[in-house]
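Use these hints to put chain B onto chain A, whose structure you have.
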Amino acid sequence: MQAPLNEARTMEALDAALRSTAADEFEISVLARSGEYTRFAGQVIHQPQDIVEVQYLVRALVNGHPYRVATATAADLDRAVAAAAAGARTRAELSKKPGQVRLAAPGVGAGAGAGGGAGPQPGTAHSAGPAAPYWYSDTEAYDVAARSGLAKEAMAAALTAGGEAAGMFGRAVTQQLVATSAGIRRQIAATEASGALTATIDDGTAHWVDLSRSAGRLDVAGSVARAVAQARAGRGRVDLPPGTYPAVLGAEAVGELLGFLPDVGFTGTLAAAGIGITARAGQPLAAPLVDVADDGGADMGLPIDFDIEGVTKRRVDFFRHGVVGEAVTDLATAAALGRPSTGHAHIAREQVPEPTAPNIVMSGGTHPEDVLIAQLERGVYLQRFWYTRLVGRITGTITGVTRDACFLIEDGRLTTPLNGMRFTESVLGVLAGVQAVGAGVRSQPIPNVWNGAISAPSVRAAAFRLGAAPIEPAA
Amino acid sequence: MAQTNAHRWGDLADDEAAAALLASVMSTIDNRVDYGDARLVEAEELRLYHQLDRDPDERLEKSIGIGVRVLVDGSWGFAAAPLSDAEVPARTADRAIAVARAGVGAGPRVTFPPRPAASGRYQTEVGLDPFAVSAAERDALLADAIEAAAATPGVSSVTAGVNAKRQHRHFASTEGSLQHQHLLETGGGLTAIAANDHEVQRRSYPNSFHGNTGGSGWEFVLGLDLIGNGGRVGEEAVALLSAPMAPAGVNDLVIGAQQVSLQIHESSGHALELDRILGDERNFAGTSFIQAGDVGALRYGSPAVSITSDPTVAGTRGSFGWDDEGTPARRAGLIEEGIFRRTLSNRDSAARAGLELTGAARADGWAYLPVCFSTHVFLEPGAGGSLAELLDRLGDGYYIEDNRSWSIDNRRLNFQFGTEVAYEVRSGRRGRLLRNFSYGGITPQFWNSVEAVAGREEFRTFGYPCGKGEPKQWGFLSHGAAPLLARGIRTGVA
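Residue numbers (the working numbering), protein chains in the order written: chain A, 1 to 475; chain B, 1001 to 1494.
Among these hints, one or two may not hold up.
A few chain B residues that face chain A, going by a derived Cβ cut-off under 7 Å, partial list only [stated by the list, open to error]:
(1) 1059
(2) 1061
(3) 1062
(4) 1094
(5) 1095
(6) 1103
(7) 1136
(8) 1157
(9) 1280
(10) 1369
(11) 1383
(12) 1414
(13) 1416
(14) 1465
(15) 1473
Please keep in mind that the hints were generated in silico from the structure rather than gathered at the bench.
Owing to the predicted nature of the structure, the values given are computational and were not obtained by experimental measurement.
The beta carbon of each residue, even a glycine, is placed where N, CA and C say it ideally should be.
Extracted from the complex, chain A is given alone in its bound form:
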């Protein structure tokens, strides 16, 4: 398994590019990824892929006015630097006053040469907490032959049970480097292993997804077996009457809900605009069992300990024992809020740059999921949500559908399998009603977020509303 870039040579190239005097300041971030994916469906590996992607993103600053230029190759870096400087000069000329943008200064939260890993090696220290290893040799062993073998076994297991399996096993090396004219030098190389699978037997389906820096943590074989068993148990689905039910939400479903926390106010953009939940910081809006944070130093999900501005990521608590915490920020929104950046700068494709929470982690509890189910006399088990969208930012209300292995819970056991069902429910309401938290934490990717993951356990929630919103009298 090879990193897409030679870190020493790349940093030399960044050093050389930063000697430019065409602008007041420069910042160069490099995002690179070498990903291998074994994708299968219909009893065949139908889309095996081996993809290398690299982006050098140059930001030049002239009198506080920024301009960014990205390119895909080191050979084009000088041109990108010159173009960024020219763009920033134009922006400065067009403006009637100095710009507001400041790049990170070396020091607290933005180390000069500190914190980042020196290359593909384990045990890189995280500056704000316990060591978060980034490089795992067991992921090196999760190669195309191993993944193809696992895909064949998964398809065979599902076929033996009378169905089929579709999914993807993958591994990647992610590299991130940041260098600035102010002297910041950060670099990291991290492994990533992932697995996802849907087992289908008649109308029964079940899903599993997990990812980690370490392939050894995925438990692919056990997860395939569980998914096939759940799909078999899920045959003969019935419709559930709309209503509000006590619920055990699987880890994937919980992760999907947690993905909306930035949207309800835990970003600097919303906080600076005075919109959303951080206006109620310090209030207990979730159950005391709920601890959720974005944590670039956590040993789960996809930790990286600095952002594209070279700022060390600080753990940012969204809920600590249920109490509302704070928002993630980048340099710009932190300045607007009058605070230091938490290290969460991000640029999503086709979108305005804004701070993002890329490694959301909810702390696990002590009981396995089976115990959470056993604690319910009657309710529902919901494995996965799908196509969820925000409906109300203040209330945290989302709409979506349930998907895959969903069951009625009766006398502490999963019984009747349920058809997928539409829901409209408040994420904040669900978190306020959490009564128990499962022990097993699983991770899933965040779409359109670089190196993004959400890690969550199962939870038992007092109530979850299923069905379209009830018809109420018109205004």
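Chain B only, in chain A's frame:
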């Protein structure tokens, strides 16, 4: 007057040089594969955003790379890499072959029916090169739009943006195809937000999802009239805060063109992707309620509903000369007077299902495998006349427009949409503004409830980004629609 200079930029503008590079790849894989193709893509994208009380943010992103797809002993392989040195094309081809070999024997041998070579050149017609527009002009446009939108007291934030992307896309296959496409797209949009302690309301123009982008030059942005619409957008955002809540019940609706375009995207475009229908996307994006055997038999909608794929229509985000596995662009009726006729297919899925190839293999740049995506897929305008005539025909009901939220299940069957605005309609006259409107239903039931579609004079086209695949990739496409009248729709569902 069309500007041909708009395509003279970057490292891959020269077709002959690109052809030579692709020929080297073909010679690398020749005799080692059952089939192979390579895509050489250079793209540059400009994005400028203005936000209220913040410095403008502009970025220019360039990407250049190659993607090689091979079929070896009945097994697919794909590899991609940036063009960082001269050895990359050959190395990438070798990696693709290695990936394919690892999958040999993992299932039934893939068969890929051969076809004759198709070669040529295609380029977007560009009036004004957006990359030649001065920064001062871009800034002035967005600053004025922001000022107009923020003029109403109570507007808390405004974002306005313009974007432009130009691409050189070169394709070659072991069947002898050699194609050169030079594409350009331009877009813009505006969003105003008003908030109080209980509500956050948003108004957008011309589309709530990433603005609107067309396959043409700066003239597309000028045609949007962002400044002229800015004031209205701000006023409506604030008005929505105190507007009455939209009703729940079963109602008749006139749905505006933008919302119809998203309805097409979610419940028609995705549902008709043949790879999805065959189960290839089962794990992530999902499947479809439509089956391959439904062709010619399924009544998908009312006779007023005809949905067409036609990437030969110029000027849209879904316009091209060939799709990303070299199939010539063509017009294909997907739904004809309510009957399901064709799918959005690529070569592999069409061969497996024994269905017609409609040329819908699309890939995001060089780095991703082509999969089935919408092209330019649109609802054919109907006999409903103007929007005013459609409202008159509605009688009592609601006129809704501009998507606020959307959700649909993994079979593209059970959907729910919210819109930014809704207007009460009584006796064909538009009345009160209402907030938080939503409607939901089941795809074929919805399309069968369509009584009329407005005429060509109300037809509008919207460019969209979309996501699909594992790893997830972006598709860029367009949908066209005129407002439609649908009866008996459940509302107030979210």
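Results of checking the hints against the structure:
With a least beta-carbon distance of about 4 Å to chain A, the hint placing residue 1059 of chain B at the interface is held under the 7 Å criterion. Taken as an interface hint, residue 1061 of chain B checks out: its beta carbon lies about 4 Å from the nearest beta carbon of chain A, inside 7 Å. Look at residue 1062 of chain B: its Cβ gets to within about 5 Å of chain A, closer than 7 Å, so that hint holds up. The criterion of a C-beta within 7 Å of any C-beta in chain A is not met by residue 1094 of chain B, whose closest approach is roughly 10 Å, and the hint is violated.
Contact between residue 1095 of chain B and chain A, as hinted, is supported at the beta carbon level, the nearest pair being about 5 Å apart and thus within 7 Å. Taken as an interface hint, residue 1103 of chain B checks out: its beta carbon lies about 4 Å from the nearest beta carbon of chain A, inside 7 Å. Look at residue 1136 of chain B: its Cβ gets to within about 6 Å of chain A, closer than 7 Å, so that hint holds up. At its closest, the beta carbon of residue 1157 of chain B sits 5 Å from a beta carbon of chain A; the interface hint therefore holds under the 7 Å criterion.
For the restraint placing residue 1280 of chain B at the interface with chain A, the shortest Cβ-Cβ distance is roughly 5 Å, inside the 7 Å limit, so the hint holds. At about 6 Å, the closest approach between the beta carbon of residue 1369 of chain B and any beta carbon in chain A falls short of 7 Å, and the interface hint on this residue holds. The beta carbon of residue 1383 of chain B comes no nearer than 32 Å to any beta carbon in chain A, farther than 7 Å, and the hint placing it at the interface is violated. Checking residue 1414 of chain B against chain A: minimum C-beta separation of about 6 Å stays under 7 Å; hint holds.
At its closest, the beta carbon of residue 1416 of chain B sits 5 Å from a beta carbon of chain A; the interface hint therefore holds under the 7 Å criterion. For residue 1465 of chain B, the suggested interface contact is upheld, since its CB lies about 6 Å from the closest CB of chain A, less than 7 Å. Taken as an interface hint, residue 1473 of chain B does not check out: its beta carbon lies about 10 Å from the nearest beta carbon of chain A, beyond 7 Å.
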